[in-house]
Amino acid sequence: MMNIPCPFCGSRNEAEFAFGGPVKPDRPDPNTVSEGEWVAYLTQVPNPLGPVQERWWHVKGCGMWLTIWRDTRTHDIVEGPADAE
Amino acid sequence: MLDLSLLIIKYMPMMQKYSAAALLRHGLNRHTTWPRAWRCPPLKDAYDVIIIGAGGHGLATAYHLAKDHGITNVAILERGWLGGGNIARNTVTIRSNYMRDASIPFYVKSVALYEGLTKALNFNMMHSKRTMVDVVQTYPKMRELRRRQLTMDIYGSTYEQISVDALRRRIPALTGGGLDARLPIIGGMVHTDAGVNRHDAVAWGYARAIDAMGVEIHQQTAVENLLRGADGRINGVQTNRGLVRAPKVVVAVSGHTTTLTETAGLKLPLRTMNLTAFVSEPVKPLVDVIVNCPDAGFYFSQSDKGEMVIGGAPDMGQSFRRDIKQHVFEDTVTAMLSLFPSFKKLKLLRQWGGHLDIAHDASPIMDQTDVPGLFITAGWWGGYKAIPAGGLTLAHLVATGRPHDLMSKFTLKRFRHLDYVMESGTTTAR
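Chains A and B, in that order, are what the protein sequence lines are.
Each residue of the first sequence is one higher than the one before, counting from 1 in this note's numbering.
Each residue of the second sequence is one higher than the one before, counting from 1001 in this note's numbering.
Hint data in this document are derived by calculation from the structure and do not stem from the laboratory.
There may be inaccurate statements among the hints.
As the list claims (entries may be wrong) - As a list, the in silico BS3-like pairs of lysine-lysine whose alpha-carbon atoms are at most 27 Å apart:
| hint | chain 1 | residue 1 | chain 2 | residue 2 |
| --- | --- | --- | --- | --- |
| 1 | B | Lys1109 | B | Lys1067 |
| 2 | B | Lys1413 | A | Lys24 |
| 3 | B | Lys1267 | A | Lys24 |
Bound conformation, chain A alone (with noise of 0.2 Å):
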């Protein structure tokens, strides 16, 4: 079991949370970059084997977005939202 820390509701089961996905990088101008660069963009995402940077919602709690670093060996949150205590 995991328990987030929420920076407005505290350390919560990670049962009331819906995730958001890994923290992709940031959007580029398709514009600007080739071809290969834009599908890799679209189509790929981190996959560490360690600390993944991802997007939880509190969805069952206070409904605040926030950003960890999970290990994605242990589960356990190397690094919780900026501003949680």
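Could you slot chain B onto chain A? The hints should help.
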């Protein structure tokens, strides 16, 4: 009798034929004279083909490389032990009720190969063609399954709608989902081609057969890096036992595909997720079909030992863990009890997860990558049922350089052209 065994010795020089006569002969020697099922040879410096991962797809690919294409200078490098990855962690469901024109013929072939595998490998797969029954509780799901039925009809797979009464006669333990339920059962679908078999037998049967044809299986051999030559081609792998060269390398490692390919500077459109399974204590025969409840979000079958083998939903988010999250487990059990309230008394013995990689159209990728000589078989979500056809078609690609007809849509190019094979027949897309 003598002539026949001579013939077999000529055909498969090192393989002991398993038969009633062999059982009797070795039994008289108190079973102390059985030969080893496969060798443990020294690791050479170079091979024609290296396959990373001694799981189902790696073993089956080696089998078809040797049998269909005569390529036997092959090494399978396995970090752990033979058949200890996802082939030991799945729920052994073999079926072909998929949605897409690209998928159905592939899985029809795979089911047919599975049914002949006991004979082909001289190893008892304990194949039990026992039918899968879908319990449908929503109209959108019913429409989707009936649409699948129409496509499956074209490719010779079986799917048939049955009434709620017929469904309850077929599965007497299905006592929930009545008219007072939140989601009353509205009907069912029957897939008579589906079955289960013994996963260890698949790994061991393939291993024994490829070993007899000269393929080497190296366990406890972890590949740490893929190595590329100055021309960009793959030319070998770095392992914990030293450097091994080969002009062709096949990555068949399920969840760790991107971890490995990124060592060669190759990014892939895959993410790794953890899928849940657990098993109950053994009970008397109660359910003789595979039961799939897509709307409730679980499926199960009863093993020959009597255990209920239950599968559920994936964890949210990427995961390389091989275990189960408590709330995913609880949700799956709650869903199961809503349809099978009598299972409340079942004790659950073991739970586990397996990590798999998935592309966002939920279809597999079997292709040569942008690194020449580097092949991947990945994105398998429910890859157990695909093992024989996956091996057949990937071996064709590795040996000839051309994709097999059955897998020509499962390329990496489809991401480049945004030409996806959106598949709703996989576990996760339910």
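Comparing the hints with the structure gives:
For the proposed pair lysine 1109 (chain B) and lysine 1067 (chain B), the alpha carbon gap of about 17 Å is at most 27 Å, so the pair holds. About 22 Å separates the Cα atoms of lysine 1413 (chain B) and lysine 24 (chain A), which keeps this hinted pair within 27 Å; it holds. For the suggested pair lysine 1267 (chain B) and lysine 24 (chain A), the alpha carbons sit about 14 Å apart, so the restraint of at most 27 Å is met.
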